[in-house]
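Visitor: For reference, the chains in residue letters:
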Amino acid sequence: MSATAWCWLVLLFPLLGSIVVALGFKALPTKAAGAIGTASIALSFACGVAALVSLLGDSPDARHHASSLWDYASVAGLDIKLGILTDQLSVFMVLVVTGVSTLIHLYSFGYMRSDEGYHRFFSYLNFFVFSMLLLVLAGNFVLLTVGWAFVGFASYALISFWYRRETATRAGMKAFVINVVGDIGLVLAALLIFRELGSFDYGTVFAKAPQVFHTNQWTVTAICLLLLVGAFAKSAQLPLHTWLPDAMEGPTPVSSLIHAATMVTAGVYLIARTHALFVLAPTAADVAAFVGLATLLVAATIALVMTDLKRAIAYSTMSQIGYMVVGVSIGAYGAGMFHLMTHAFFKALLFMAAGSIIAAMANEQNIDRMSGFGRAMRFTSITMLCGGLALAAFPLTSGFFSKDEILAYAGARGGMYLIFVVLGYFGAFLTAIYTFRLIFRVLQGEPGPEAQELIETGHVHHAHPFNPATGEEEDTDVGFPGPEHHIAESSTPMRVAMGVLAFLALVGGLVQVPGVDNVVANWLDPVFADSPLAAIHPSTEWSWIGLGIGAAISLAGIWVAHYLYVANPEAPRRLEARLSGLHTFLFNKWYFDEAIDFLVVRPAQAIGRFANRVFEPFVVDGLVTGTEETVRGTSGVVRAVQNGFVRSYALLLIAGFAGLALYFLISSS
Amino acid sequence: MEAVVFFLAAIGALGGAIGVISMRNPFYSVLALIVHLFSLAALFLLLTSAFVAAAQVVVYAGAVMVLYVFVVAYVGGGGESAWEPIPGQRLLAPLLAIALFTELSIAVLGSALKALETHGPEVGSGFGNPAAIGRLLLEKFLLPFEASSILLLLAAVGAIVLAARREPALGAEVGSSKHSSEAPAERFEDPTSAPPHARSVSP
Amino acid sequence: MNISWYIVLSSLLFATGVLGILIRRSPLVILLCLELMLNAGNLALVAFSRMVGNGQGQVFAVIVMVIAACEVVVGLGLIVAIFRRKLPLNVDDLRELRG
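Protein chains in written order, with the working numbering: chain G, 1 to 669; chain W, 1 to 203; chain R, 1 to 99.
Please note: incorrect hints may appear among the correct ones.
Said to hold, decoys possible - In silico contact screen, one side only, chain W against chain R (beta carbon under 7 Å); selected entries:
hint, residue
1, E2
2, A17
3, V71
4, P85
5, A97
6, G120
7, P144
8, L151
9, A155
10, G158
Said to hold, decoys possible - Restricting the straight-line Cα-Cα distance to at most 20 Å, the calculated cross-link-like pairs of lysine to any residue (SDA-like) are:
hint, chain 1, residue 1, chain 2, residue 2
11, R, K86, W, A73
12, G, K26, G, V478
13, G, K174, G, I596
14, R, K86, W, V161
15, G, K31, G, A42
16, R, K86, W, S81
17, R, K86, W, G76
Stated by the list, open to error - Using C-beta positions, here's what the derived DEER-type ranges look like:
hint, chain 1, residue 1, chain 2, residue 2, range
18, W, A156, R, Q56, 24 to 30 Å
19, G, V619, R, L94, 46 to 52 Å
20, G, T634, W, Y74, 46 to 52 Å
21, G, T634, W, S149, 47 to 53 Å
22, W, I98, G, S669, 15 to 21 Å
23, G, S669, W, L67, 43 to 49 Å
24, R, L94, G, V620, 46 to 52 Å
25, G, S669, W, A131, 41 to 47 Å
26, R, L94, W, E117, 43 to 49 Å
27, W, A147, G, G636, 44 to 50 Å
28, W, A164, R, L94, 16 to 22 Å
29, R, Q56, G, G636, 47 to 53 Å
Everything labelled a hint here was simulated from the structure, so no lab data went into it. Quantities reported herein were computed from a predicted structural model and do not represent experimental measurements. Ideal placement from N, C-alpha and C gives every residue a C-beta, glycine not left out.
Produce the complete structure using the sequences and hints provided.
Guide: Below is the structure:
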């Protein structure tokens, strides 16, 4: 079968899985629903592999095929097809998405077992995977927007999964609204592209763009900036990032899949896919790179003081995506996508481990209350350590090679881009510190009460159900988390998933060792061959020097974390007391939420109040009531004619006759 | 000579007309109309329409006016109150009447019909005779003739039905005036306002 | 005397009848004014018949007289019926037939 046929199957299986589980939620037993959900994604992964094999059969330059199911709209210059594009980039994304999704589904099989909404969860999750695959496989901007919007909806549905929790529903709404802002940018960009280039289809657009636009023409810059609005909203970059920490209200597998590995990388994919346009608008590309850099640093600083385990990992995600955005904006396409892949591995793993620990804490998420799980939960702590090492770019882990490759490229580009190198390494330093802050806080030290209970009795600590964000009491009925908490040690599917990811997190970087092999970049090169930036390569020596600097920084960061959180436990408190202003600023997330509330939310509410109190009663009601009054007045006047007096009717009659006679007299003279 | 008769008859007609519309007592109005009708008969004679003049006197002034006299005697003549309920009627009515007259006069006097300036053609002695009228009625205008006879029959029957005494109503009339005044009023109201329960049924 | 004199007189009588209908309130007098108008029409008809020279106008006038007679009969019957039911014989008070 051709590669495109395999790709259609890739799309089909998750959709089928979602529908089957949704329709059969009363009939299917719990295990079956989970199995169907997981199997559909696994089949999708298999089809992705088959597509890869099929593409390998083509020569490297001919590995892009477009295929269309039917014409969606073919009228008046509009030609939109339901078409997918199968090329190296999309197959790469398909493999990453389906591969990590399969493992996360496997994890959820065990983790969500006692939840009342188990079927709903798998249906939504499958639907999400379908939408994400639609997004990456889309062959034109219209289908891209469709996938984009579906992904936004799936994210909303899954964030508010425990829908009776008010914090969860509010977080879902916040995520959705900010995503809609991004959608507006994307749609406007697509419309501008259509206006300038006359087509939505990727092939046509990217081929025509260099002929129609000249460098930095304002239209192509506007298009790229609008695309960036969409990308930043989806990938949680400044300033549209405030939804990501709140999105941690969703169940841990959701955070792991959507908000670490796949959905938030959609923005990176978008920039990579439309690189032909960004090449023509270097200003926009630079804007993207600097925003990515800013996000990288801001998120890293916030993660240093976060006390909620999942939110800290969320800020870490934001920071790492900043790296990816920098990568694809400055031209390190292969490196950026490679980092996307490795990040998917270790971030998903970190979230899984966090889920296991939170389960052991009976839903408590504050790291100040956790300690000593290293002894209580061996498997979880080992996998968490693997993920942490990869995140901190410990030498020879996957994160080590991918992160430093981006920075090496920036160095090779030189000039202004050296600032990326310097600040990127600083960000890596901070990354190492906050990662190991989490690991030392949670795993090291004397076992806390929950860990103690686990060691002694082997049972997970049980507490009254409560909302970890607000502390209020809840129950475990529909719309709330289930009564049981599942940790990795007691659930085989969870262990399998985490084990595979731990292995990949450690060795996944070996596919792209500088000077030795270049698997990912070689595979993706033909896609980016039309970009002049792709020709820049850092030399192997410089790459190894960069790797050396990265290793040193990573080890330094781990040592600092060890000093602060293991050797000198008083040090953090003293630092906090001395830099209390800075600490408050960071703890309040740089006051972004408050700023957005002041700049956007309040004016919107004021407009709403104005409409309600002034516009509605006076203008709208005035128009309506005014019309009514006018009609009533006129009809009142007319009604007076019918007074019942025969003589007045006779008068009218004679008057009419006299008038008529006058008219005829005049007209005949 | 002819002019004198014309003017005398015209003054009679006009006087009678003004008398009709201005007399308080309806009986005097009827008498004024009789004067008017006789003057009109004189005018018809001037126009050599003998039969029509005779018919006017015999039928109109003779029969129809007698009918009027009977009814006025039965009904009685009362004056009318001076107050005018309809605003503007007293002002507009004379104005409109004058306007009407003016327009008609202009139409006639400014007409291109040259024959209006003449006396009319020379007619033989048989013009306007009963014989001539009779011939026309039975030859050319047979259908209107027969139709008008049916109309007369209808009118007679209708008038009898309208004015007939209703036997059951006699008891209501003979009773107290208050009782009888509300019953006819109720019956009078029927065509215009349905009783409440019937109104709710209508769509 | 031209025919036009008769026509002008006829229109004057007609206008007088119109004025009477609009001014007077007793149904009897209104009927009388109607008679005025009909007779004015008759005068015009006979005058035109004389002008044209054949008797058709006169036949028309005779038919009009017949119709006037019928109308008077019915109208007076109505007035008698109204009087019998003790209603005020005043056109302004008899206005239940409002649209």
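Visitor: Need the status of pair K174 (chain G), I596 (chain G): alpha-carbon distance at most 20 Å?
Guide: holds (12 Å)
Visitor: Within 20 Å, alpha carbon to alpha carbon, are K86 (chain R) and S81 (chain W)?
Guide: Answer holds: K86 (chain R) to S81 (chain W) is near 18 Å, not above 20 Å.
Visitor: Range hint 47 to 53 Å: satisfied by the CB atoms of T634 (chain G) and S149 (chain W)?
Guide: At roughly 51 Å between Cβ atoms, S149 (chain W) and T634 (chain G) fall inside 47 to 53 Å, so the hint holds.
Visitor: Looking only at beta-carbon atoms, does the pair A147 (chain W), G636 (chain G) fall within the given range of 44 to 50 Å?
Guide: Between A147 (chain W) and G636 (chain G), where Cβ atoms are some 47 Å apart, the hint holds.
Visitor: Please check whether A155 (chain W) passes as an interface residue: C-beta within 7 Å of a C-beta belonging to chain R.
Guide: With a closest approach of 4 Å, the A155 (chain W) hint holds.
Visitor: For a C-alpha distance cap of 20 Å, please report whether K31 (chain G) and A42 (chain G) respect it.
Guide: holds (16 Å)
Visitor: Hint V71 (chain W) vs chain R: min CB-CB distance below 7 Å?
Guide: holds (5 Å)
Visitor: Regarding the pair K26 (chain G) and V478 (chain G), is the alpha-carbon distance no greater than 20 Å?
Guide: The given pair, whose Cα atoms are some 14 Å apart, holds under the 20 Å limit.
Visitor: Could you tell me whether the CB distance from A156 (chain W) to Q56 (chain R) stays inside 24 to 30 Å?
Guide: The hint (24 to 30 Å, Cβ to Cβ) holds, given that A156 (chain W) and Q56 (chain R) are roughly 28 Å apart.
Visitor: With a cut-off of 7 Å, does the beta carbon of A17 (chain W) approach a beta carbon of chain R closely enough for the hint to hold?
Guide: holds (4 Å)
Visitor: Tell me if the interface restraint on G120 (chain W) is satisfied: Cβ within less than 7 Å of some Cβ in chain R.
Guide: holds (5 Å)
Visitor: Confirm or reject the claim that T634 (chain G) and Y74 (chain W) have a C-beta distance inside 46 to 52 Å.
Guide: holds (48 Å)
Comparing the model with each numbered hint stated earlier shows that all of them hold.
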